[in-house]
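Each protein sequence line maps, in turn, to chains A and B. Under our numbering, the residue at position 89 of the first sequence is numbered 89, and the numbers go up by one with no gaps. Under our numbering, the residue at position 49 of the second sequence is numbered 49, and the numbers go up by one with no gaps.
Since the hints were made in silico from the structure, they are not lab data. Don't take every hint at face value.
Ranges of calculated distance between the beta carbons of each label pair, as one might list FRET restraints [stated by the list, open to error]:
no. : chain 1 : residue 1 : chain 2 : residue 2 : range
1   : A       : Arg239    : B       : Leu690    : 40 to 50 Å
2   : A       : Leu297    : B       : Leu24     : 48 to 58 Å
3   : B       : Arg54     : A       : Arg239    : 18 to 28 Å
4   : B       : Leu683    : A       : Leu297    : 51 to 61 Å
5   : B       : Ala60     : A       : Ala262    : 31 to 41 Å
Just so it is clear, CB atoms sit at the ideal spot from N, CA and C, and this is done for glycine as well.
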Amino acid sequence: MSPQRPSDILPAEVLEKVRKLELFSRLRVESYLSGENRSKRTGFSTDFVSHRPYLPGDDLRRVDWRAYARTDRFVVKQFEELTSFELTLVLDVSNSMAFGDELTKHSYVVRCCAIVLFLAYLQRDSFSLYFFDDRLTGRTAKGGGYEHLLRCLGELVSAEPSGRTSFERSFGELEREIRRSGLLFVFSDCMDEPATIAGALAPFRMKGTDVVLFGVYHPAEKELPYNDVTRFICLESGRITVVDPLEVERRYREEFIEHHRALKAQMVKHGMDYCELEVSGSYEEALGEYLLRRMELYG
Amino acid sequence: MSFGAQGFLLYGLLGLLPVILYILFRLRRRSLHWGASYILHQMLRRRVKERRWRQYVVLALRSALPIVLAMAFALPFLKTEGVSRKGFPHGEGSLTRVVLLDNSESMLALHGDTTRFEEARRLTEELMKGAGGGDRFVVIPLTGEVRTFVFEPPFGKEGVRRTINSITLSPSAIRMTQALELASRQFLSSVTTTRQLIILSDFAGKDFRTAEALVPFARLIRELGVECYLHRIAMKEDSNASLVSAGFGTDRLLEGQTYNLYADVMNYSTRALRGRRLLLLEKGEILQQKEFELLPGEKKSLRLPVRLTGGLHTIELRLQEDAFPLDNDSRLVVSVRKKLSVFILREDVEREKGFKSESEFVLRALESAQSSEAYRIEVESGNEIESLDEVDVVIVAGVKLDGTRLAKRLKDYVRLGGGLVVGFSPERGVSSIRKTMNELCGVELLEPYLQKTDYERYLFIEKDSAQERLLREFALCVNADISKARIYNHIRLKVVGKQAKVLMRFSNGDPALVMSRNGRGVVVFWASSLSGRWNSLVVRQAFLPLMYRLIALASSGRELPLNITRGEIFIQRIDSNRALFVTTPDGKLYRARVTHAGARSFLTFEETRAPGLYAVTDEEGEMVLRFSVSDVSDESDIRPLSSEKEKFLLESFSSRFTSTEEELRRAMQKGERRVKLTGLLVLSAVVLLLLEFTIVRMWF
């Protein structure tokens, strides 16, 4: 059933917490509306950027009379033009995201995505939502406003994990759909080669999009907390691997850590951001923590 | 390892728990839909699979931990006697230690490279070590002179050694009860804290035939709180073939005749002896050898036929070396004469046919070609004899003796060493010789076996009854089978004289041949006729050999013996008045005593303690004669006690046998030392725990 309001998905206290957060792009973006994001162009705003010599026809209100008093030259102030940004939210709906008991990776990222959408709505930014597995499987068009928010939330709720993962193909498709730079949030369990993942996302970065990849994992996927010999059935391919966890747990954990480290290294290398999200009850805290840190670093 | 609380060991079964859990876990297989297969596969592809052995190591550590803890709680300890290498354990406080030292001749048996006695002496010295103030050590020999050697510290090692070495072997039997009595007195008079009695002996069975007599003293000693130790110096498998005795049956042989030398050997051991050899030597040269086998405890008489030339011979019989060499050889001195003088006394009886007298058969037999060289034969009829001085043997058959002067002359003759062979005369009857035979031979003649001789009925001579050395060949059927002779009748008799001995019997058990010593002489009585009237012996092949032996037997008293037993006085007639000297087998030189009786001189010698060959020499060292002294000791029996006797002894002394020095030390050690291992095991458990923890963190 489609949510009627954001509180249908997110508890009230979470929504309250979300209000304190900000979404912004590290990079200046072009936008049609004037928002709180830096634009590449200078315009009217309260943020002084630089002086330029007075040209006939300039508005005399922009003349910096103090500078004239000091230098006996006529100069004009230039201000940053704040613009709003486009948020593109991409959600991995491959079958591996269905892992988990009470709280699967998918349900977790749905909540995280809801938070992000709500935040974008509050900031009057435009946002769009995409789903992918080995290709793009769903999308909502770019938009803003409450109705659009509800629509996106509805899509979120109704999405079901299925299929295999292919970053390369999926984001290849996405690249053709997103023409303007903005903010790209990707929620995935990253079950692919780190280089492939980073390589798939790098083109967006090169176009000036601020890319943040959220690597989602279940604690059991990290710890491998099993004692019995187990038949591990891959959720995506169905391949069965019989392993004694006691024999391999240390190596597995090392591999897990190495995978995420490599992934982070690749993302940073391409100028993108990477954040690990462990599937737990406090999804808003994990995401909020990241956004707050981002605010502190770049706000 | 031993445990003081063994019940706790059951908790060690908890060590199986990790194994069981491990197996259970491995048996369970769950299925899991997995969301991070990519990482799993990457890991499996890239990383080396953990080797299972690491799991097993951890499993082993986890299993060992409860087991080690359970063992620690079970109060483990190691038993150790902690035997001191320096001297024997001293015990608490002051000490009285009494050693009963067996110095009987059986201790001469070999014990490894030494003898039992040497080993006993060495142990005695060792037992003296470690003495301190207030201690007392006593040594009591078990045989020989009654002596007690008491040592009280401080005493020098050399002094102790000299004293112990002064205790020598003795041929007499042990006096255990007396020794225990002496030991009891020592304990009664001691005030020391610790009291010990140690018996060093081979505990040969012959020494403890009356072990029951020891009980009162053993009880007393135990009540005095004395610790008793019975140390056996013997090997259970010791074997001893003993040359018990040897001889011809006479020291005077006749040249040209074959005599049988009999050597009685006995197996004093618990196992059979096979392939042993008996050697007959003269002047170091082997004349004969005989191989024999003996079962445990078996006694056998080995026969060696010997023919010697005239003169004095010293022959030696020797057995192979064994554990007890003391009884392995015997020496015999024999005198071989060229001729023997035989006087046949007979009475002529008129007969129409047949032989004239009952002694005709004997005469004819001895007059045969072979015998005439060896025997100088004289024949006399009637009751008159001129002189018997040079006669060795008189044969009488069919001559009345009772009430005649002849009987008196014969009595004197026999008393002075003459030999007499008498055959019963059916024609003369009992009354002709009853009284004389009673006096001379110690037999009481009764009535004939059959009142009327029936030639259809007959007895035979029981050859196995012939055990006298000179007659043993008839039991063995060496030359002829004497049992083939038919005995139709014989005179029954009763042996009344103390010196009389039955040499042969008839098949009905009646004495057939009786021998008796009378004075120095020997009388032999044949209970049937020496003619063919009452038996067919006279025409059998065995008759002549029998006559030879009877003559040899009867003549054995003619001269004094050259082979005596230990302790006997050696007496020999000598021809000169020269000073004579006797050299004993152990090298001692004595001057012999010469006594005179009328025209005759006799050498007498009493120091015959040492068995072996004695030499009589004159002042110039010229050999005059030899004689041998044999040992009649039962020390040859070195066999151990029977198990019943052993048990009896051990119960009496509340002790057990030890057989090595180490065992004796251990037995004397008070209690046992225990080394507790609880702390070590707890420490091991802690180490295991730390190890498990570290390894798991490292590997997993």
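Hint check against the structure, violated hint numbers in rising order: none
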